[in-house]
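4 protein chains.
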Amino acid sequence: MNVEQAVAEAAAKYSNWGRWGEDDVLGTVNFIDAAKRRTAAALVRRGETFSLSQRFDADGPQKGWRRRTNPVHTMLDTGLDAVHGDQGFPHGIGGADDVIAMPLQCSTQWDGLGHIFDHGRAWNGRPADKVVTSEGDQVTGIEHLAAPVAGRGVLLDVGRVIGDGELPDGFAITEEHLTATAEAHGVTVGRGDLLCVRTGRLTRARREGWGDYAGGPAPGLSFWTAGWLHRTEIAAIATDTWGFEVRPNEFEDAFQPLHQVVIPHLGLLIGEMWDLDALAADCAADGVYEFLLIAAPLPVTGAVGSPVNPLAIK
Amino acid sequence: MNVEQAVAEAAAKYSNWGRWGEDDVLGTVNFIDAAKRRTAAALVRRGETFSLSQRFDADGPQKGWRRRTNPVHTMLDTGLDAVHGDQGFPHGIGGADDVIAMPLQCSTQWDGLGHIFDHGRAWNGRPADKVVTSEGDQVTGIEHLAAPVAGRGVLLDVGRVIGDGELPDGFAITEEHLTATAEAHGVTVGRGDLLCVRTGRLTRARREGWGDYAGGPAPGLSFWTAGWLHRTEIAAIATDTWGFEVRPNEFEDAFQPLHQVVIPHLGLLIGEMWDLDALAADCAADGVYEFLLIAAPLPVTGAVGSPVNPLAIK
Amino acid sequence: MNVEQAVAEAAAKYSNWGRWGEDDVLGTVNFIDAAKRRTAAALVRRGETFSLSQRFDADGPQKGWRRRTNPVHTMLDTGLDAVHGDQGFPHGIGGADDVIAMPLQCSTQWDGLGHIFDHGRAWNGRPADKVVTSEGDQVTGIEHLAAPVAGRGVLLDVGRVIGDGELPDGFAITEEHLTATAEAHGVTVGRGDLLCVRTGRLTRARREGWGDYAGGPAPGLSFWTAGWLHRTEIAAIATDTWGFEVRPNEFEDAFQPLHQVVIPHLGLLIGEMWDLDALAADCAADGVYEFLLIAAPLPVTGAVGSPVNPLAIK
Amino acid sequence: MNVEQAVAEAAAKYSNWGRWGEDDVLGTVNFIDAAKRRTAAALVRRGETFSLSQRFDADGPQKGWRRRTNPVHTMLDTGLDAVHGDQGFPHGIGGADDVIAMPLQCSTQWDGLGHIFDHGRAWNGRPADKVVTSEGDQVTGIEHLAAPVAGRGVLLDVGRVIGDGELPDGFAITEEHLTATAEAHGVTVGRGDLLCVRTGRLTRARREGWGDYAGGPAPGLSFWTAGWLHRTEIAAIATDTWGFEVRPNEFEDAFQPLHQVVIPHLGLLIGEMWDLDALAADCAADGVYEFLLIAAPLPVTGAVGSPVNPLAIK
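Residue numbers (the working numbering), protein chains in the order written: chain A, 109 to 422; chain B, 109 to 422; chain C, 109 to 422; chain D, 109 to 422.
Intra- or inter-copy, both count: the list cannot distinguish identical chains.
Derived DMTMM-like pairs (lysine to aspartate or glutamate); straight-line CA-CA distance at most 25 Å:
(1) K144 / E156
(2) K144 / D394
(3) K171 / D194
(4) K171 / D320
(5) K171 / E316
(6) K144 / D390
(7) K238 / D167
(8) K238 / D194
(9) K171 / E274
(10) K171 / D385
(11) K121 / E283
(12) K121 / D132
The set of hints was computed from the structure by calculation and includes no laboratory data.
All of these numbers come straight from a predicted model, not from anything done at the bench.
Chain A extracted, bound-state conformation (with noise of 0.2 Å):
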């Protein structure tokens, strides 16, 4: 089956159109309901906190690919000019500020709906055209998703799993291999879950260096996970790379296949680039794989994408 074909069928196998009213902007984050927030509180056991996010600095891992580039942190006042300048402030008062300029997706991030699109159509079947224009997501922008996107977290590191702790690149994490190792960690995948897979590639960068981290080959979600990530109704995925599925891609001449069926076609919230790490260390040492996850995108109207530092409570 070559790739037109391969993602026609799961977009039509799997579609969640209409599944939330035509005027839906949450996708399958509408999984997540009060009672799973509940449950998800009370996994909260020993109160510690883990930041799932990567620093957002000018040493990160953005090479320029269509204009993503890291951030750029400038001061427009600092402790130099309080002290040995004149910030022209009373009574001894002296301060420091800052900006930043910075493509929404340079570091740990959620994609918006209005992200990627199959054929011209954006999530809920809606034009691509009348949704994302230059003025940004008119109808899903990432604010919409301001206050649910916190639930159960669960984490699959497959990297330690299936790996020795790491994936090599261009491994296409399978159903079985999500199977497998939810089974060993003792940890169930379900309804309105938020749900880490770490595949080490995180790791790896940090060790050898970015080289190709944003944007080359990387392990990552196999492309016949569609039906799986349709089934099991999470309300999103992240993982540990920059693109969420397995790279090089399972098809010829193919670019992000998976992204163009779950992202427009299940609704699907994806994070891409955390930071699993620290998290996976620990739960690996309790051998506690659940957790409360709160990852609230900064509502950045009508942005198709947003920076956000998830917070995992144990």
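Could you slot chains B, C and D onto chain A? The hints should help.
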């Protein structure tokens, strides 16, 4: 007493310098411990979430004071390009992508510990010019707060209890107002709490337009609450105003003297421009003014502030 | 006649489509040739230079209309860091460096040929959606004007000749005003000229504050000068106002109809927000209203406008 | 002699401090006077223009050294929006608009006088920390050079005369090379000239890719040309390399020692990353190596550098 004396006296009386060791980079966030987070998680009874963030867009309140502008969000790729242009992607996949340029304190935010100095001294007594240079905050950058800022949130709706929903500009919220509000709510404020104080200023801005919301007159904490802020051992305080403390300030020719005491001397985490309205309405309805609050800043390396989407879960 | 009819009629009568071939990317700049530049160079009699640029900084007139802000200039390194910080450079060398974020049309500027469209048509009749995508102007990007924009400059100080130094807002400059001013100056306007029209609007803004300089009422060219602009075969026209044409526009519910004719149909290069005051004072003093004018835009690839520092040499 | 001594000696011997008064903000640009500009204008014989600017876009050579990135140019409105979206404009007018974020020295540029310091001293002996703060260069900001930078340009194509079109990396151009090249060209270099030195480094980058063009090894001026640069009383010098002087520098553990002498002590205007190839080809063809050169920087208030599109007219 003039402002110089008042600041000096408060600084001397309420200093936390050295309290958590010479190398401390967390300030009052140290008051949050695992036990407090367990208690906080147990406050989740309904599973409802409330985003306490204003939106980040060009329609914000900033007017350019000290180069603080509103966010500029622009698209790198759009649905229009996907449908009518030539993105150069294969098999019908299309994409949208975006960038942002913004001051880190343009909208809902945390002030980092490197944001304010007193006579050239930063938090814990460090020389401000050794802490914050043009490369950013080398010591207390906001990235150090990536993990811990989650705990028990308490809302004091002073606007509703003391005012008639909204406090007027220039209204100085005193210890007595805070205590009376807590009593009216049937809630206590204590060690490690993340305190949210609603004045109603944002409610008014929403109704009447921004006007001078950014930097102009506003209700806010009285300078004389410094002792209470110290004594209660709260981890953080956030308001729905631009500048947390009352404006005009309570002294002649003064500029944010309470900042000058609580950031460098107490090491207090301050949140500004939070949107507390929906949460306050809910608290008024169910009479419950405590909740789990997660407000992890974006870990911009060396930043002296951070945009944040705080999430309250009741 | 309503604005739709007026635009359509002018577009039909004054079209330059095809005049310089199907592939043309220069428009009326084609009117400048080497001979004209030789003549222009010969106008340099004293060797005095006049910068016709406003400054680029946060104190500019922009108020955020369609995300047009003032420039934000921030430092990456400063003299404070060199002296009191640790830049890490050897043998006592220190440095300062800086960045800017700005709309390309925030201050003194050229409008590129891809800046304005008429009913979906760009310069030379091209479909606007094939010319300017999210990747910029793929055909007539401002970089094509990097070399040729140098020639004979002529100042028509309409503010001084027709007004009393300054024209009032809403004053429509007609062909008669232009002709009378040229006559008063003893200068002719013709093929390949870079025409500068001073209204005095900037002079007033300087005295009274920006107010609505950006986008508000202003004197400017009458819609009915389209024929004159076409017939004179000037290469470019620049004014000291935000929008070149008179505002409010001369039709009900209209927005910049003269732009709609002269950019896509004439291919005319338009300069806005130029500072003509010092030059005008000098011309009034010596009675010479022609000069060598060099106004090479910054070759930002694919840009639809460019900041520029035009230099007049007399 | 070590680099510290070499710099100190050269600084002492070639200092221009005080030469143009205590308040000077122009440095060697003072050497250009009206008479020289008249002579320069008389060099325009054919009326041909040559843009000496590289393009400003994401495909530039910057790799993030000290946060120097390539420009990020994004669209606010496009032809796609005009045709298929809804811009909300009346009577069929449509528009495109854009923004840029860039270091001021990311591409073809002038170094401002506040760009480099020697042991904490800026141009004319001023303390660097009083000159350049977080608010920019308070004294010698590039805006002071808005008007005067126009005069006689001279090209020394050292790459062609001494090399075989291109000099190798690490090649130190000496006074002898400069003199020999001038002689070969039949041109003299003197007071007030704007000197362009072509090494061929950009030609190579164009052929082979950027590689380490930004900051890596390159041919360039020898440290020992400081005396010649002083004695000739040129107003400015520009090269087709990233850093003007030879790299690696001619001393152990050194960084740009010639900058350290010529900017703060001579007050010399330095241009970098100029594109001299088309001009050089023309000069080789017609044997004329002098021309009118206009290179007015963008007057960004307080900037320590500026993008520029230098225009040579022959």
